[in-house]
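Residue numbers (this note's numbering), protein chains in the order written: chain A, 1 to 220; chain B, 1001 to 1179.
These are computed hints drawn from the structure, not numbers from a lab. There could be a bad hint or two in this list.
Stated by the list, open to error - To list a few chain A residues with every Cβ distance to chain B over 10 Å, as calculated:
#, residue
1, H33
2, H115
3, E117
4, F127
5, A138
6, A139
7, L140
8, D150
9, H162
10, A212
As the list claims (entries may be wrong) - Here chain A is said to cover these stretches of chain B; the calculated rule only asks that three of the stretch's residues, wherever they fall, bring their Cβ under 8 Å from a Cβ of chain A:
#, stretch
11, 1007-1020
12, 1152-1160
Said to hold, decoys possible - Listed next, the stretches of chain A that the computed footprint assigns to chain B, with coverage defined by at least 3 CB atoms under 8 Å from CB atoms of chain B:
#, stretch
13, 11-24
14, 41-49
15, 60-71
16, 141-149
17, 170-181
18, 192-206
Glycine included, C-beta positions come from ideal geometry on N, C-alpha and C.
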Amino acid sequence: MPDNAQAHHIDDDAELYALGSLDADERTAVEAHIATSNACLQRVRDAEETAFALSAQFGSTTPPAELDTRIAGAFSRRMPARPWLAIAAAFIIGLLPSIPLTYDRVHHDRLLRMHDEAVTAMVTSHFAHAQFAPAGGAALPPSKVIFARDGSWLYIVISGAHRYTVEGVGPDGMHALGETSPTSSTSQLFVERPPHIRSVRLVDNGTNIGSANVIVTNAR
Amino acid sequence: MHDPALEAAFAERREWAYEAAYRRFGGRLYAIARHVLRDSQAAQDCVHDVLLRLWKKPNAYTPERGLLQAFLATCVRNDALARVRSEARRTQLRLLVAPDAESYDLEVDPVESARIDRAIGELTDLQRQMIQLAYFRGMTHKEIATQLDEPVGTVKSRLASALRALRTSLGTTGASHAG
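Looking at chain A on its own, in the form it has when it is part of the complex (with noise of 0.2 Å):
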């Protein structure tokens, strides 16, 4: 990011910003500057976090689950970024009477690429696989991960169709891997070119239900 030192710079709306102190105008004003500012943003990014430590006096509480599915609802099965483009290929393919079906047809495609991704780097490499273990006294359900021997990728699969979050563990700290996407029977995940980790973990509302050791011994 160019540091325009032509621009006057932000100075106390800074801190004003992350206190929540500025009028919607300025707000906007100072958000606008610190994409052409490094010096500013970093001020921003000092006060938002010190922000963000005042705010630990509110405590935390668990959302009500009406907003957590609202939530998967908006990021899970939604169309592209871009939706004229879907459209526009819907017409190019002859499946306009078909667009009711835009939402279902972009998740299945999704499984169909990520099944097939799995199956292939199956077929062109050594792998292994590991149960999940439950925590503590959580319920899961049969659940493995299936990993190529050289740490290259990881394939998550679970009985049910319920959506998990799935984190690595490895030794510099936790990394999430992603969400699972469920069919009618299981829920998956293929990751390609994790990052260094020696366990996986399945996140269900926040809650860690299992994990798995993954034991790289051939790494890339």
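Fit chain B to the known structure of chain A by using the hints.
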């Protein structure tokens, strides 16, 4: 907690990253919105709308911006304040004075909370007043200037100085508990 993989995916506007960020930080974000809005439905709308708006807006977040949870907390809080200020303009009500319509369980980390209390306690009376009015009562700098009968420029300077002093007092790079 700093998670470069999640932050990179969020910056690339990958859908799973938004849901993962919500699962990771949703409890804190919802509590922030609820504190400001004092209403469950309004707080839900706020968190949902902020995530959706960020997803639709290229470059809204970049990893250079810093901790994703701090960025999201600012966005949610600013959106919640904008909603309540808009409502306050219509009804002429003061901000953040109405009790929450229903009770809800809050989990406060006692260690983190004590650390914040200590840091606030190390501020001068004037700095503490600034943080109290701006952050905990959600007042704009102009409202604070009016209430204290001080010039707007003076209040802005004091607010900024108070937050910087708090940062020093926290002795932190901002690394706070996630969630």
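Hint check:
no.: 1; hint: H33; verdict: holds, 13 Å
no.: 2; hint: H115; verdict: holds, 17 Å
no.: 3; hint: E117; verdict: holds, 16 Å
no.: 4; hint: F127; verdict: holds, 22 Å
no.: 5; hint: A138; verdict: holds, 16 Å
no.: 6; hint: A139; verdict: holds, 18 Å
no.: 7; hint: L140; verdict: holds, 17 Å
no.: 8; hint: D150; verdict: holds, 20 Å
no.: 9; hint: H162; verdict: holds, 13 Å
no.: 10; hint: A212; verdict: holds, 19 Å
no.: 11; hint: 1007-1020; verdict: holds (count 8)
no.: 12; hint: 1152-1160; verdict: holds (count 4)
no.: 13; hint: 11-24; verdict: holds (count 14)
no.: 14; hint: 41-49; verdict: holds (count 7)
no.: 15; hint: 60-71; verdict: holds (count 10)
no.: 16; hint: 141-149; verdict: violated (count 0)
no.: 17; hint: 170-181; verdict: holds (count 7)
no.: 18; hint: 192-206; verdict: holds (count 4)
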